Amino acid sequence: MRHSSILEDLRARIARIEGVCARHGSLPFGLDPIDRHLPGGGLAAGALHEIAGSPDLADDASATIFLAGILARIEGPVFWCLRWRDLFAPALHLAGLHPDRVIHVEAGSDANVLLAMEECLRHAGLAGVVGEVTKYSTTASKRLQLAAEASGVTAFVFRRASKAELAAEGTAAMTRWRIGAVPSEALGIPSLGRPRWEVVLERVRGSEPRSWIVEGCDAQGRIALPAALVDRPTAAEDRQAAA
Amino acid sequence: MVAAIPDHGRRIVASVDRAARALGIFPGMTITKARSFAPGLEVVDAEPEADLEGLRRLALWAGQRYSPCVAPDPPDGIWLDITGCAHLFDSERALLKDLHRRVAAFGLSVQIAVADTAGCAHAVARHVPAGRPVTIEPGEHRKAMALLPIASLRLDPDVVEGLRKLGFERVEQLIGEPRAPLAKRFGRTLHRRLDQALGFVPEPLEPIFPDQLPRCRRGFVEPIATADAFNTVIGDLASDIVGQLARLGKGARRLDCYFHRVDGHAQAIRVGTAAPSRDPKHLAKLLSAKVETIDPGLGIEAMTLVTPLVEPMVARQGEGLESLGRRGPDLAALVDALANRFGQARLYRTAPNASTMPERSTRTAPALAPPDGNAWDDDLPRPSRMLNPPEPIDVTAMLPDHPPAMFVWRRKRFRVARADGPERLLGEWWREHGHEAGTPLAVRDYYQVETTAGGRYWLFRLGDGESPSTGPMRWFIHGAFA
Chain A
1 MRHSSILEDL
11 RARIARIEGV
21 CARHGSLPFG
31 LDPIDRHLPG
41 GGLAAGALHE
51 IAGSPDLADD
61 ASATIFLAGI
71 LARIEGPVFW
81 CLRWRDLFAP
91 ALHLAGLHPD
101 RVIHVEAGSD
111 ANVLLAMEEC
121 LRHAGLAGVV
131 GEVTKYSTTA
141 SKRLQLAAEA
151 SGVTAFVFRR
161 ASKAELAAEG
171 TAAMTRWRIG
181 AVPSEALGIP
191 SLGRPRWEVV
201 LERVRGSEPR
211 SWIVEGCDAQ
221 GRIALPAALV
231 DRPTAAEDRQ
241 AAA
Chain B
1001 MVAAIPDHGR
1011 RIVASVDRAA
1021 RALGIFPGMT
1031 ITKARSFAPG
1041 LEVVDAEPEA
1051 DLEGLRRLAL
1061 WAGQRYSPCV
1071 APDPPDGIWL
1081 DITGCAHLFD
1091 SERALLKDLH
1101 RRVAAFGLSV
1111 QIAVADTAGC
1121 AHAVARHVPA
1131 GRPVTIEPGE
1141 HRKAMALLPI
1151 ASLRLDPDVV
1161 EGLRKLGFER
1171 VEQLIGEPRA
1181 PLAKRFGRTL
1191 HRRLDQALGF
1201 VPEPLEPIFP
1211 DQLPRCRRGF
1221 VEPIATADAF
1231 NTVIGDLASD
1241 IVGQLARLGK
1251 GARRLDCYFH
1261 RVDGHAQAIR
1271 VGTAAPSRDP
1281 KHLAKLLSAK
1291 VETIDPGLGI
1301 EAMTLVTPLV
1311 EPMVARQGEG
1321 LESLGRRGPD
1331 LAALVDALAN
1341 RFGQARLYRT
1351 APNASTMPER
1361 STRTAPALAP
1371 PDGNAWDDDL
1381 PRPSRMLNPP
1391 EPIDVTAMLP
1401 DHPPAMFVWR
1411 RKRFRVARAD
1421 GPERLLGEWW
1431 REHGHEAGTP
1441 LAVRDYYQVE
1451 TTAGGRYWLF
1461 RLGDGESPST
1471 GPMRWFIHGA
1481 FA
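Protein chains in written order, with our numbering: chain A, 1 to 243; chain B, 1001 to 1482.
Hints in this document: simulated from the structure, not taken from any laboratory. Given the structure is predicted, the values throughout are model-derived calculations rather than measurements. Yeah, the Cβ is synthetic: ideal placement off N, Cα and C, and Gly gets one too. Treat the hints with care, since some could be wrong.
[Unchecked claim] Taking beta-carbon pairs under 8 angstroms as the criterion, some of the chain B residues facing chain A (in silico):
id : residue
1  : 1040
2  : 1420
3  : 1424
4  : 1448
5  : 1455
[What the hints assert, rightly or not] Over 12 angstroms on every C-beta distance to chain B, these chain A residues come out as not near it, computed from the model:
id : residue
6  : 9
7  : 105
8  : 112
9  : 123
10 : 146
11 : 164
12 : 169
13 : 185
Please build the complete structure, drawing on both the sequences and the hints.
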């Protein structure tokens, strides 16, 4: 009993030193394979996360909806700091993020987006803050991470049109994701099924990089695992819906 | 028409309108002489007091709209210090245009000039009858002054007459002349005015404030010049003004903080709030964020805080202990901080707009407007990234209603694996005579396509595929889906 409590204490201390402990709780995706892989059972709240698409517009569009889906499942207002004016709000609504919840900030440049994000992160009680930038420095990521830790607001830096080979720079972000569109299931009729993404976890503090194929957000912002690609071939359910 | 004032038992012309000036009538002439030029001349009694009051009112109006730093310049002008105010109208030119249009709409004939120095602006406004706002570019004021007549220097008529007798017609001649002999004869005012116009000597405006508005002022024994000191004083002023506002039952929507420099210059910072506020910390923080725009020079000897715009604000009952933990975020404070940095228009929420064309289906709403719960129809697929305006693409497709098999966008070839559509949208006949991008009665057939790589795009064809009158059958890409 004594030993286990000492062990628990030590583990907690190590986690604190490594900075992987979820001080503000976590935001589960509701998909077992992803949640089990992430330390804390989901995306850490009150931390910085990086999300990228690719120079291909369709991948950036997928990353946008991936992000909207995460935010749709958190309570509170969202600040979306923009550099470009191509974000189309009806699509966010289709992923469950109601337009009344989103306040857009047209900051105009990378530096201003980061400034606006930092200002937003000083205010507790927001669901999340998104900033769209082309690139940003390690120092900027450290500042955002500290601000997010202090207020408990989750921050997302969306690196637009980011090339895969440029992802090697250091960052203080808790996780770094890359979303890409992949061909969807053939329905056998001339129509489109649910979109499919390759979700790559490129970097995560306290765990290993990995990738999954998932199906896009539903109207509540939940992603799902495609039936044919679920790890277990004997999966009883047709499609594992995310809770 | 002229206005007349009594002078030593006779009546002389005080001011003239354009028509009278064209007839050769000018201020200072006797009414009898003026009548000899124009027998039908209409003469009204001048009311200098009312004129001054009118100027003051005009200045206060301009102070609400254009710049916090305004002053009347009797008998016929107002000063506006528009340093740092132009961005509120996008550009200086837009600000001037707006000012000119509005003042002209009051029924006043107006001449506007902008220059580096107050003296130069004064001279150009009165001696360059351009009919539209004149801007003297930064650094050009010396060149501009050189060409103007001596009378533009704001001198007594006797001095101007005396200089003319000596052969001085234009300011240019005066600039190079040795100063001592002229100063001996005409007094020091001559060169003070000249130096003010040329920018060698500062000419501070004494800004005026509207009466009956909450206002407080701090004077300092020793001038202060550091941002820390300013922030301390701003904190004090904010708590003073909040007390005054609370007594009136009002909240501040706009705050002007004036910094009075030892050399007499007044600088101002202006901040606005999205909702009426009486929170001293919040107001002080908004002001402090702009302190770096102040140039303290040799030091600031007094600071004044005024609230030119207030709105009724009722006191709210303090929250109970149990609700303390569940309070929502303080959005007003955050929105104000961002709006004062980036501008009110850059901060918005989106709301549905009734339009069939997707690019017009959203409108912006103020960030703090009460949520109305309205949203778009859920059953229509819409791209998360929209290209506006749509970009033309080269497409291989079978007419009339087959989806594209291949398209080329930004010199890249995309092969379509799967597609869905068409979704037909008809142009809005009630807008611009039914024209949409120059095409009458535009019909757009939208297709969602998935490329072999998996990317999903939103393409449309202008025209219904059969009748050329519905559109030129060209293809466009309008966005990308998740």
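Each hint tested on the structure:
1. 1040: violated (60 angstroms)
2. 1420: holds (5 angstroms)
3. 1424: Since the shortest Cβ distance to chain A is 17 angstroms, the answer is violated.
4. 1448: holds (6 angstroms)
5. 1455: holds (3 angstroms)
6. 9: holds (28 angstroms)
7. 105: violated (6 angstroms)
8. 112: Label violated. Min Cβ-Cβ 7 angstroms, cutoff 12 angstroms.
9. 123: violated (5 angstroms)
10. 146: Non-interface label stands for residue 146 of chain A: nearest chain B Cβ at 18 angstroms, farther than 12 angstroms.
11. 164: Given a closest Cβ separation of 14 angstroms, the condition holds.
12. 169: holds (24 angstroms)
13. 185: violated (10 angstroms)
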